[in-house]
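Asks: Using the sequences and the hints, build the whole thing.
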Amino acid sequence: MSDGELLVATADGSREAFEELHARYHRALLGLAINRLRDRGRAEDAVQDAFTSIWRSAATYRPELGAGASWVYAIARNAIISRWRKHPEQAVEPADEPSQDPGPAERAEQSWRSFCVHRALETLPDHQRQLVELAYWGELSQSEIAERLQLPLGTVKTRTRAGLKRLADALREDMQ
Amino acid sequence: MNPDFDDLVGEEGSREERDELRRVHELLIASIPPPSLNPPRRGASHIRFSIRRSWAIGGVGLAVAASVAIGLVIGSTFARGGFQTGFIRPMHGVGSATAASAVIKVGKEDGNGNRSLLMSVRALPTISKGAWYRLYLTKKGKPVVLCGSFETGQSGNAQVSMNAPADLGEYDGWIVTAVAPGHTSRVLLST
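Going down the list, the protein sequences come from chains A and B. At position 20 of the first sequence (counting the first as 1) the number is 20 in my numbering, and the numbers step up by one without a gap. Add 1000 to a position in the second sequence, counting from 1, and you land on the number used in my numbering.
Source of the hints: derived by calculation from the structure; they are not laboratory data. All values reported here derive from a predicted model rather than from experimental measurement. Keep in mind that the hints are not guaranteed to be accurate.
[Unchecked claim] FRET-style restraints, in silico, Cβ to Cβ:
id, chain 1, residue 1, chain 2, residue 2, range
1, A, Ser2, B, Glu1011, 32 to 38 Å
2, A, Asp12, B, His1183, 30 to 36 Å
3, A, Asp12, B, Glu1017, 36 to 42 Å
4, A, Arg15, B, Gly1130, 30 to 36 Å
5, A, Asp12, B, Gly1111, 35 to 41 Å
6, A, Asp126, B, Gly1130, 48 to 54 Å
7, B, Glu1151, A, Glu144, 49 to 55 Å
8, A, Thr60, B, Glu1151, 24 to 30 Å
9, B, Arg1015, A, Glu144, 25 to 31 Å
10, B, Ser1185, A, Pro63, 39 to 45 Å
11, A, Glu5, B, Ser1128, 40 to 46 Å
12, A, Leu149, B, Thr1191, 38 to 44 Å
13, B, Gly1086, A, Ala162, 27 to 33 Å
Heads up, the beta-carbon is just placed ideally off N, CA and C, and yes, glycines get one too.
Replies: Right under this line is the structure:
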């Protein structure tokens, strides 16, 4: 089922559909929340808020207005912002040099992009996801991954490529 | 250190396929790392003593003191930085509380025979002063294990940490009841 179909089923009270949404989105939402709140405990709370809102508000989802992922993202963003407002980051002295940090627009874009990537990662089988994560965020070469996981180098390369192909399929709609 | 695209995908495939893989490669490089779902755990041994005692009494006797301790005191000291989500259960309002809802996030078994719970409730009806809400595990629809007691603000919203026995297989659901001294408890939420 697509995310949109799961949201429609959730609106009809389907516990199974809601739990499937949780399985698909939990990690992506947690990543989004940690990135914004910088605190895992508060991030967990925000994700909980988000899923509570999804359960309550699924009936407001309109498939004709967009994909399910966009709707889930908007709900989660609101939950995270609400959490953040309760304890915003402390103000700091402005720096003399222009900040190299991304501005609001870039930050929003990165946030959405990361959300989509994390969501897509959940579609990979474990043996592919692990290799992709080690390659991109583990700072390990393919040879080092092969050594660590005690797999032939050829297997690592084949699975990594297959994982990227699968990610491309999962991301195609989001990235258009 | 970003991985090298050619090292990852080799030189096979059509130009279109390689272009698509390269876009994914660039997206991955631009993305923040996904969070670990298995953070270090904290405080489990401290919790075990109190929780086991609370459900051993089956919701009677020391229930108020123990469950308040679980729901409000110990629950809050169980740092959720260590929460490992196992699954999630939605609840819907029943009877006079049809507008209410809740979501219970059920933690993984902690090795001490417990599971932590993180429950969010919304729009629970107001109850009288001195009354409280309770979350129970049920068997054939009847409450058999008290997981904790809690209160809400004026809005009827709350987020509370509680605990449950690890083996949930012998139970068939959850309910939230409102309990007021001198009154029969009534069910407000059910799975």
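Asks: Can the suggested window of 38 to 44 Å be confirmed for the beta-carbon pair leucine 149(A) and threonine 1191(B)?
Replies: holds, 40 Å
Asks: Holds or violated: 49 to 55 Å for the Cβ distance of glutamate 1151(B) and glutamate 144(A)?
Replies: Between glutamate 1151(B) and glutamate 144(A), where Cβ atoms are some 53 Å apart, the hint holds.
Asks: Holds or violated: the 30 to 36 Å window for the beta-carbon distance between arginine 15(A) and glycine 1130(B)?
Replies: 34 Å Cβ-Cβ, so the 30 to 36 Å window holds.
Asks: Given a hint of 25 to 31 Å, does the C-beta separation of arginine 1015(B) and glutamate 144(A) actually sit inside it?
Replies: Cβ of arginine 1015(B) to Cβ of glutamate 144(A): about 30 Å, so the range 25 to 31 Å holds.
Asks: When you take the CB atoms of threonine 60(A) and glutamate 1151(B), is the distance between them in 24 to 30 Å?
Replies: holds, 29 Å
Asks: Taking 48 to 54 Å as the stated bounds, is the beta-carbon spacing between aspartate 126(A) and glycine 1130(B) within them?
Replies: holds, 51 Å
Asks: Can you let me know if the beta-carbon spacing of glycine 1086(B) and alanine 162(A) is within 27 to 33 Å?
Replies: 29 Å Cβ-Cβ, so the 27 to 33 Å window holds.
Asks: That 32 to 38 Å hint for serine 2(A) and glutamate 1011(B) (C-beta), does it hold up?
Replies: holds, 35 Å
Asks: Cβ-Cβ distance between serine 1185(B) and proline 63(A): within 39 to 45 Å?
Replies: This hint holds: roughly 41 Å between Cβ atoms.
Asks: In this structure, is the beta-carbon distance linking aspartate 12(A) and histidine 1183(B) contained in 30 to 36 Å?
Replies: holds, 34 Å
Asks: I want to verify a distance hint. Is the separation of the beta carbons of glutamate 5(A) and serine 1128(B) within 40 to 46 Å?
Replies: holds, 43 Å
Asks: Do the Cβ positions of aspartate 12(A) and glycine 1111(B) conform to the proposed distance bound of 35 to 41 Å?
Replies: For aspartate 12(A) and glycine 1111(B) the Cβ distance comes to about 38 Å; the hint holds.
Every hint from the earlier list agrees with this structure, and none is contradicted.
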